[in-house]
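*Asks:* The lines below spell out each chain.
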Amino acid sequence: MTVDRRVDLAIAGVTIALGALILVLTRRIGTTLIIDPIGPRGFGYLISGALMLGGLAAVISRLRRWDENEGNNNVPSDGAADEDDVPVSANRPILVVLAAAAYIALLQPLGFLIVTPLFLGALLYMMRTRNVRGRIVIPIVFTIVVFVVFSQGLNVNLPVGPFRPLFIRYGLLTY
Amino acid sequence: MDFLTPMLGGLQAMLDPMLWVFVLLGTVLGVLAGALPGVGTTLAFGLVLPFTFVMQPTMAVAFLLGISVGVMYGNSIPAVLMAVPGNPAAILTVIDGHALQRRGEGGLALGVSLVSSLIGQTVGTVLFVLLLVPLAGLGYAFQSPELFALFALGMIALVSLSGKNILKGAIASVFGVFVAIIGLDPITNGPRFHLDTVVLRNGFSVVPVVIGLLALSELIRSTRQIYQWGSGDEGDAAARKFPAIARFKGTLKPTLVGSVLGTLVGAIPGAGATPAAMISYQQAQFMSKTPEQFGNGSIEGIAANEAAQNASNSGELIPTLGLGIPGSGSMVLLLTALTVHGFTPGPRMLVTSPDLLYAAIAGMFAAVIFLAFTGWSMATLMMRAVAMDRGVVIAVSLVFVSVGIYSLNGRVFDVGVAYGFGIVGYFMHRYGYSTAAAALAVVLGKGFERHLRQGLSLTSNDWVAFVTRPITAITLSIAVLLFVLSLRRVLGVRSVVKTG
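In the order they appear, the protein sequences are chains A and B. Residues 1 to 175 in the working numbering are what the first sequence spells out, letter by letter. Residues 1 to 500 in the working numbering are what the second sequence spells out, letter by letter.
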């Protein structure tokens, strides 16, 4: 499996930046009269130093191998491999994360019963599930089953959004 | 505590019908997770972990161990019938098991796999109790310096979990420690690294972070490709007969050797099922009268590695329950479950909450008994499960994890945290920064710092007095030794891979 060497380099750069940020934040930690040889800043300094040095080493390691691929940005990965001979979509994970972000943002205001089937339906669509009817039936059935199990069986207060007055009126909600 | 007390306690716990319900559920889920390529114990634990918080702690432990026992058997089914390892530990089962399947002896491979898994798990559980009991006696001898030494021992697992690139593994570990120490200082109680926000004042909850790094990252990565695991008609196990007992000849010795080695290797933090299976396989080949058959359909090879995989389950529990040191991603999640229930795993827990130990023993034995009766027919069922639409499984899992994390504290913020770390974990996965090492560091980091600093206060800031306390000195020496051995092993494996 290959990855883009520019992203690999950027991640190493982010590591250095994170180390620098931790250094700044460590210096802002207040010290107190309680004295121990390490103190509240000790681990912060160690971590920031390790991340900056580690990131720098990763940058150098990547740059030293820069010319190996003759201008090709795709280089062998140190990470988990994709399946061979199966098309890869780099955009689908982004769409999944965007859908999750929308789900998180709307869960409280619109409630579990409205946003969960939409979120699951969107995921099934993105994953091109074979059964088109399943894309509608699965989200509805899943949402109802999970809602009943969680709210009645496990006593978890899932948000109900605009249905709240209705649930309270029929005694299904007491909070 | 003697050997018989926990064994009898475990047998008594098995009289509770609810325990059987949770173990049966866990075992079926585990076999399913093992049979689905790429799922495995860690992801299965990640999916169900939030739900264990509403269970009684003993039921949660038995349920999770039912899953781990099921996974180790389940991964052999697609390995034998489809040549697809459910997880890396099953690679050797592919080599020998599928060779038998191609010769029309898939039933023999599945039968040996089932029996040796069950024996491995049983022997491993007995050894687990034998090795764990002495630790209970140390319960009250552990103060901060000793606990720091234990955390240092746990940190050794980071070397083995560092992945292909040890530098990136180290960066991932340091990142995990940083995430762990965000929040209140363990000595001064002052906030650190909270970016002047209220939500970060107490730091991150461990569960969303760990589930994000271990489970969501993998699920997000899985969405990159659309394919199906199989059509389900690769092999009908029911069409095969369970092999006659005479055909198991020669498998008892490698099974027992695999069981013992699997438990011992599994007990080393960071080792886990894969090296346990590899070492047992090599040892079985060394002792075999027909070593040439290894790699070409050897039932001795299948027996040794399947027994070792299951026994390593029990082995991994020794540092997790006995010392509070998880050695793998799945054990990180088990430890997290216990912590959320208010337990502090370690020698003291064995004395103060022996019920958890009894539940662990009962869970593993009950899963073995359940698999003994149903394991054969489950092979057929699981081949049908492999035909499930992979897209549906991934999509439903993503929503299931989201709901589970929300249910922890009823906070949408936790779901956001989990996805945040899921995205970070996605890039870590892709670019070779070990998420398992980061997750382990998240779990161990806070205790590592707290016990170091509290321990130094206890010894009047005297480093020599700190490290020369007897248990601390012994534990730190073992940690250093294991660190050197792990480093040598990891670097050795890498040089072998590099030279092809």
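No lab work stands behind these hints: they were computed from the structure. Errors might be hidden in some of the hints.
[Claimed, not checked] What follows is a list of derived Cβ distance ranges for each label pair:
1. A/L23 to B/R201: 18 to 24 Å
2. A/G161 to B/R201: 56 to 62 Å
3. A/G161 to B/G342: 39 to 45 Å
4. A/L63 to B/T380: 51 to 57 Å
5. B/F3 to A/V24: 53 to 59 Å
6. A/L63 to B/I369: 54 to 60 Å
7. B/M18 to A/L95: 27 to 33 Å
[Stated by the list, open to error] Simulated coverage check for chain A against chain B, where a stretch passes if three residues somewhere in it have a Cβ under 8 Å from a Cβ of chain B:
8. 61-74
9. 161-168
Positions of the beta carbon are idealized from the N, C-alpha and C atoms, including for glycine.
*Asks:* Compare the structure with each hint and give your call.
*Replies:* Hint by hint, here is what the structure shows:
1. A/L23 to B/R201: 18 to 24 Å: holds, 21 Å
2. A/G161 to B/R201: 56 to 62 Å: violated, 29 Å
3. A/G161 to B/G342: 39 to 45 Å: violated, 33 Å
4. A/L63 to B/T380: 51 to 57 Å: holds, 54 Å
5. B/F3 to A/V24: 53 to 59 Å: Taking Cβ atoms as reference, B/F3 and A/V24 lie about 55 Å apart, which means the hint holds.
6. A/L63 to B/I369: 54 to 60 Å: holds, 58 Å
7. B/M18 to A/L95: 27 to 33 Å: violated, 42 Å
8. 61-74: Our answer is that it is violated, as 1 residues pass the Cβ test (under 8 Å) against chain B, missing three.
9. 161-168: n = 0 at 8 Å, threshold three: violated.
Hints 2, 3, 7, 8 and 9 from the list above are not met by this structure, while the remaining hints are.
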